[in-house]
Amino acid sequence: MIAFDNVAYNYGGGELLSEVSLRLAPGSFHFLTGPSGAGKTTLLKLAYAELKPTSGRVTIFDREVRSLSRDDIAMTRRRIGVVHQDCQFLDHLPLAANVSLPLTVAGRTGEARDLTDLLGWVGLGALGDALPPQLSGGERQRAALARAIIMGPDVLLADEPTGNLDWELSLRLLSLLVELNRMGKTILIATHDLNLIRQAKAQVAARVLRIKNRRVQLAGADL
Amino acid sequence: MQNPFAMLMPSDRHSDRVVPPSGFTAQLTLFSAAAMAFLAVFALALSLASGRLADRWQDALDGTATIRISAPPEQMETQVAAVLALLSTTPGIASSRALSAEEQRALLEPWFGPDLPVDALPLPRLIEVTEGPEGYDGEGLRQRLTAEAPGAVLDDHTRWRRPLALAADRLRLLGLLSLVLIAGTMGAMITLAANAALSANLQVIRVLRLVGAKDSYIARAFVRRFTLRALSGAAIGTVVAMLGVALLPRADEAGGFLTGLGFQGVGWLLPLILPPLAAIVAFAATRFAAFRTLRGLT
Ligand SMILES: Nc1ncnc2c1ncn2[C@@H]1O[C@H](COP(=O)(O)OP(=O)(O)O)[C@@H](O)[C@H]1O
Ligand SMILES: [Mg+2]
Chain A
11 MIAFDNVAYN YGGGELLSEV SLRLAPGSFH FLTGPSGAGK TTLLKLAYAE LKPTSGRVTI
71 FDREVRSLSR DDIAMTRRRI GVVHQDCQFL DHLPLAANVS LPLTVAGRTG EARDLTDLLG
131 WVGLGALGDA LPPQLSGGER QRAALARAII MGPDVLLADE PTGNLDWELS LRLLSLLVEL
191 NRMGKTILIA THDLNLIRQA KAQVAARVLR IKNRRVQLAG ADL
Chain B
210 MQNPFAMLMP SDRHSDRVVP PSGFTAQLTL FSAAAMAFLA VFALALSLAS GRLADRWQDA
270 LDGTATIRIS APPEQMETQV AAVLALLSTT PGIASSRALS AEEQRALLEP WFGPDLPVDA
330 LPLPRLIEVT EGPEGYDGEG LRQRLTAEAP GAVLDDHTRW RRPLALAADR LRLLGLLSLV
390 LIAGTMGAMI TLAANAALSA NLQVIRVLRL VGAKDSYIAR AFVRRFTLRA LSGAAIGTVV
450 AMLGVALLPR ADEAGGFLTG LGFQGVGWLL PLILPPLAAI VAFAATRFAA FRTLRGLT
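So the protein sequences, as listed, match chains A and B.
Using this note's numbering, read the first sequence as starting at 11 and increasing by one per residue.
Using this note's numbering, read the second sequence as starting at 210 and increasing by one per residue.
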């Protein structure tokens, strides 16, 4: 689905990521971990073509990112659900409109009827008319997950999706992600919450990628 | 992209809502478009009126001048012959001929009736002079006439209009140039307003890109807005200015320039192209600004 080949990235200062090679196979479940500032968010941005690698190749759905036109990038993003670290909502639109925004911009507004089901699934059935600034952190993150999957994407990328949640809500969100994985979605979750990773490993065959000294390595059972 | 104007069709109200309303730039755009259309109507009226004036005066110039000869009866024929000979050798004169007694009687008839004994009256003889395209030297001709035929007077009353006709023609050009400048200014103002709206909504645009919006979709939301505002603003300005022109007092029907400033006949339809023109300018300016902003984002 998504592959990195010897990818390096820097924002203009020193190199942040070097020699990164990884492959997200269809239906796989990965965690991406590492200390704050290690480059987890940066790696995810490379994976949905918000950033282009300084060197090396990023391939999304078998197409090299550098060869994609701006419209190609838009079409690619419709197949990748992303839960952003800071949610990225439009604060002037009610939650329901935010969650269905990917359908709206794709001109598929007719399919918004599944919206009620989806909001119910993430436990936000009653909040469709609320504006994003009125929601709690946990509600926003569940809404962000709903928006990420409303297009029925093949791949789901989540950046610290439990960052604002207490343990109980984190587990609830994790179970939603596990459920999606069982439905066949490819999943990559960036988190520094090792407890969450342990909890997940009890439920699915999750692999853990760790950013250390600018490299990405597969972590062993030492978590 | 096949039909960029499909963007303006009301089918897509959603793309409008995804960008928050921008009250202040909206009002500024509306106001500028109205003001520019108002000015454009007057520039158009000026251009049309001076065009009419230039044509009218040009026509008058194409007419003839007259030479009037008053002389004692026994000298009359010699002087007429002398003047005709002189005119035939004057450069810039296409033709000349003496009016016959019948023609002169016909000219006087409206004033004195058909029974006027023309032969018995000491009337001056008239010679009709038709100017050639290159024009003649009026002052030189006058001096030669005084020398050769003391009783001859050149009446070229229409010639003073030549510089005025030229000025009117220039005025028409200036009016057209003003129209072009007004369109350019409006384009510039809308570009500024669109850029302000785009910068104010940078975060919104970024989110839209993140959820898979194409550039054309995002541009459409802005283009639609500014095009519709320019269209309605220009419509208001045009209507107000046309009312102003229609209500100009018509004190001098004889063709005074200022009172002739209005539109005539189908000319009244001409200002109606201004609102669509404003819409086209706004469409192009906003589209250009939007795509330039979008190129800076992933
Ligand atoms: N747009 C940017 N410009 C410059 N530096 C950046 C930018 N975004 C992130 N960084 C820097 O890159 C490093 C990694 O950031 P990030 O990928 O967000 O790490 P993580 O998500 O693992 O906490 C940080 O030191 C951060 O300051
Ligand atoms: Mg991060």
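Treat the hints as calculated values from the structure; they're not laboratory data.
In this text, all values refer to a predicted model and were calculated from it rather than measured experimentally.
Yeah, the Cβ is synthetic: ideal placement off N, Cα and C, and Gly gets one too.
Incorrect hints may have been included.
[Claimed, not checked] Which bits of chain A does chain B cover? Going by a derived footprint, with three or more residues having C-beta under 8 Å, they are: (1) 59-69; (2) 77-83; (3) 110-116; (4) 216-230.
- Message: Need the list of violated hint numbers for this structure, in ascending order.
- Response: Of the numbered hints given earlier, the structure breaks just one, which is hint 4.
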